[in-house]
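Chemist: Please assemble the complex out of the two chains, which come individually in their own frames, going by the hints.
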Amino acid sequence: MSALLRIERVSKNFGGLVASRNVSLALEPGDRVALIGPNGAGKTTLVNMIAGLLPLSAGRVMFAGQDIARVSAVARVRMGLVRTFQISRLFPDLTPREHLGLAVLQRQRRTGHLFRRFEAMAEVHREIDGLLAELGIEALGGRAAGALAYGEQRLVEIAIALALQPRVLLLDEPAAGVPQGETRRIVGALDRLPADLAVLIIEHDMDLVFRFARHIIVLAEGEVIFEGAPAVAANDPHVRQAYLGSYVHGRGRA
Amino acid sequence: MAWNGALPNIRAWPDAAGIGSIALTILAGYLVFPDDLALLARILATSLLVVSLDLLVGFCGIITLGQAALFGAGAYAAGIAAVRGLSEPFSLLAIGAAAGGLTGLVSGAIILRAHGLAQLVLSIAFAQLLAETANKASWLTGGSDGLSGIAPAPLFGEFRFDLLGRTGYLFSAAVLIAVLAVLRAIAGSPFGLLCRGIRADPVRVRAMGVSVYPALLKMYIISGIVAGVGGALSAITTQVVGLDSVGFDLSASALVMLVLGGAGSLYGALLGTVTFMLFQHFVSAENPFHWLTLVGVLLIAVVLIAPRGLAGAARTIASRLVARWHPQASR
Ligand SMILES: Nc1ncnc2c1ncn2[C@@H]1O[C@H](COP(=O)(O)OP(=O)(O)OP(=O)(O)O)[C@@H](O)[C@H]1O
Ligand SMILES: [Mg+2]
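Going down the list, the protein sequences come from chains D and V. Numbering (the numbering used here) for the first sequence: 1310 to 1563. Numbering (the numbering used here) for the second sequence: 0 to 330.
Everything labelled a hint here was simulated from the structure, so no lab data went into it. Everything numeric in this text was worked out from a predicted model, so none of it was measured. Each hint should be verified, as a subset may be incorrect.
Said to hold, decoys possible - Taking CB as the label site, the calculated pair distances span: (1) Gly-1455(D) <-> Ser-318(V): 51 to 61 Å; (2) Leu-104(V) <-> Gln-1417(D): 17 to 27 Å; (3) Ala-136(V) <-> Arg-1435(D): 52 to 62 Å; (4) Arg-1435(D) <-> Asn-134(V): 56 to 66 Å; (5) Leu-1362(D) <-> Ser-137(V): 48 to 58 Å; (6) Val-1496(D) <-> Ile-299(V): 51 to 61 Å.
Even for Gly, the Cβ is constructed at its ideal location relative to N, Cα and C.
Just chain V, same shape as in the assembly (with noise of 0.2 Å):
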């Protein structure tokens, strides 16, 4: 079905296609940057983070500017397991998942509870008080010095996350891939039809005698599984975890990518992500002082002249060019 100008269609979720297009992008960046797959890795594992947050954001209409609690949990799950002993990456990534999915209970049944304004300010406080947590119990986490001697095992026994990274990088690929075709199933599942039911209309939803909280409590899980996997990533290949994994900046960088390349298609979460770390990355070498000056800017360019982000605006542009060259094909 076309894109009709409507709302981010959750049909424009990544179909087969998309994610086998994302995945050579990704290889693709292996292949061209072999000597920046550090800063990659990190994208990778932060585009989770905005993709958990799109699924709450964009598929459910959750406000949350708290959203770092969910991945810090599992990048402080993952790091602890790893320095009390236990080093097997995918295990790290099941213990990350499991405190993210856990996280997201806990914040979900408090956050859920309020609406507009009040949901957001308990999403902030939610986070504050895990960030408050961390930073104090520094004999577990390190404390403001944050949490090192992670030392994951070789993947498979065989591949050792080394100072190159390029373990590092294809594993957070793999996992990306993964998720993303899982979230894809859910979208067109009974539940994923559900979800956007509720978006649209939730009193609607009720009147169907489907309860909204439970949905978007189990919705709040999911999302933190995912954040929680992007944590234990992140854990597993920078082999550090820092209070920032939990703070505040993060959170709202993390919403700032969502609006940036779209909230609702999971597109647009990758593609905020990327533009919005890459123009990081390179900007504040150039400029140190007001890279975040420049962040706003635009910001503020992306929002007035596309106020369905980098992926809304990729979207127009191309259904006009397929209703240029194709009349006919475009309905």
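This is chain D alone, in the form it adopts within the complex (with noise of 0.2 Å):
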């Protein structure tokens, strides 16, 4: 009863669109849950609401058995229920620096500072230099990040969530639009994120999910068709007709 995250036959209309139908989870600390699903299954919009980006048509989320329904998306944050962006959603003027110095400040509830200079501020940046290093995108800190490759930006969006310190971690298809063989350092990124962090992550790439999660979700229709271990899911009738189609086990799409 008392999990970290708990959504609660939650449902969401839009118009007369059912994107989520009943759909319930929880999620503990270290978890790592897989969210998967035919394009427009309402993976999305399920992460929209846990984030508090889209009000509930009904159901209920609960973050450390505190039901959120009147809690800002920005104080969810403030709670450690953080998410990523599908399309990666980055300033383009800003430098991956200041992108981390923006989230480490906002943890410190030091943004609105006036008269100290962001660069001389050394204990930030400190804790900047440890996460580009966590990523290996040390080389990349200092250019804007409307000029760095979609994969360098992938990382970013990654490094930016830890850097809010999350004990929840919504990441919604954190390899999307990252070609085939570079999703390699996103897959390191992944296993290295702290071992009790909750984690929901949403992705089509099935060797990266195979890889990655203990629990996986199948979503359809807004509707839960699965839940279960991975090799389950795999091998589950009603699942590769919906979802999964030809994908093999432990050999990538056919």
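Modeler: Next up, the structure:
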């Protein structure tokens, strides 16, 4: 009952369209849960509702035992509920260092400081250096984010999320848009996520999903059609029909 | 970092060297045009208005056509204080700053609730409300006759604000330079960084756990303080305050000056103000009936040929020249 994040019978309608129907799930610290399903299944909609960007049509979202219906999106982040975006959403003119700086300063509630020079805040920059090194993007720290390769932008997205020191991390397709051969660094970053962090990952790259997740939820047309261990999911006929198609677990998409 | 052709970067704000050259230019104005110091002082006060507008429009992406409300609040507050016996110039500046900041807080709290076109309309409505209040409260403001009898005490008890306008000009110059130095510090601060983020993508900022509304409100207060200081300067140096200082015309002109010079770099705000007001002064003297037409033509030409304004065009040309003469230096 006291899961860190628990969503209970959540539904979402857009006019006549049902984007989520009676979805429930729970995350504990250290969990690695994958949410998969075809395009338009309602995965991002679910993340938006958990993050507080979309109101629920029905159901409730509990965080640390508390109903957070009335908690703003900003306050949810401050509570430790952090998401990344399916499509990279960086400030094009800002450098990765500045992005991470904003995240670190937010955690310390110092984004409002007027008369300290950001460049001179040594302890902030030490932490940023650590984060950049963690993701292997030290060399990119000083370039405008808009000029980075897409795969590099995805790494910056993850770094920002980590800079916020989340308790629950919602990763919306961290490898989306990254060329096949270049997902290695993202996989590496995911492997090094803090062990006690609760992670919900949405991803279409099934190799990545089966490598990372210890629990899989399959969504189709807004509804959970399967929930269980990865090996079972891979062999479930409903899942295969709705989503996996000819994917063979362990060998990649045929 | 070289300018890369993208939106004006906040790092293109005046640095120490930039502020130094602005100071030198202002000093040159003093030496070269000793007979026009009254006009030049008005340009400096108006620069503060346009700079304050740039903080909102160029820095944060807020749309407003009511910036004169903040300027006028500062002008009337300083003017009324002076008429009622408080005449020390720095105190008048402080009063103007406080009035501008307070007006920024109130108008920002309202205007920031809306977005886009609604925001624009609210900004106009708020300024009109203030203008109408100033008009009706003629016992306090002089109404449509304007507030006269402002007699600021000598600066440091020593330098009188005389008809030649030397004290007024140098005082205005010093205040403008000081304001630019403070804004430069803010641009490099965590708050400056946050504002750059907000201009680019408020949703992204919220997803980092930072509330956008309070940050913009804070910027509105800062903008109000800058505009209020400009208004107070105008009251001190011209020694009258009229309804035009809160009027729609001034708000619209300020936006025109900003677009003319280029939003987002502060240099553009200064350049646009100087260009517009000199143009106004000389062309309207030559041709009082058609000078606004010519302003229109000038503005259309600038917007079409140099969409980032005069400052943007100047920077493009400068970086091309640098690239031509020092190919390896242009990173
Ligand atoms: N704001 C919205 N208004 C109306 N319809 C929406 C809105 N957001 C999403 N939808 C619809 O809801 C459905 C679910 O969309 P969602 O983005 O959650 O899918 P998804 O599972 O994330 O898909 P993908 O794998 O393509 O990212 C889609 O049919 C989509 O068109
Ligand atoms: Mg999606």
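Chemist: That 51 to 61 Å hint for Gly-1455(D) and Ser-318(V) (C-beta), does it hold up?
Modeler: Given a distance of about 18 Å, which is not inside 51 to 61 Å, the answer is violated.
Chemist: Okay, Ala-136(V) versus Arg-1435(D) on CB: inside 52 to 62 Å?
Modeler: holds, 56 Å
Chemist: Within 56 to 66 Å: is that where the Cβ-Cβ distance between Arg-1435(D) and Asn-134(V) falls?
Modeler: holds, 58 Å
Chemist: Given a hinted range of 48 to 58 Å, is it respected by the beta-carbon distance of Leu-1362(D) and Ser-137(V)?
Modeler: holds, 51 Å
Chemist: Determine whether the Cβ-Cβ distance between Val-1496(D) and Ile-299(V) falls within the hinted range of 51 to 61 Å.
Modeler: For Ile-299(V) against Val-1496(D), whose Cβ atoms are near 54 Å apart, the range 51 to 61 Å holds.
Chemist: So the hint says 17 to 27 Å: do the beta-carbon atoms of Leu-104(V) and Gln-1417(D) match that?
Modeler: Holds, at about 26 Å.
The earlier numbered hint that this structure contradicts is number 1, and it is the only one.
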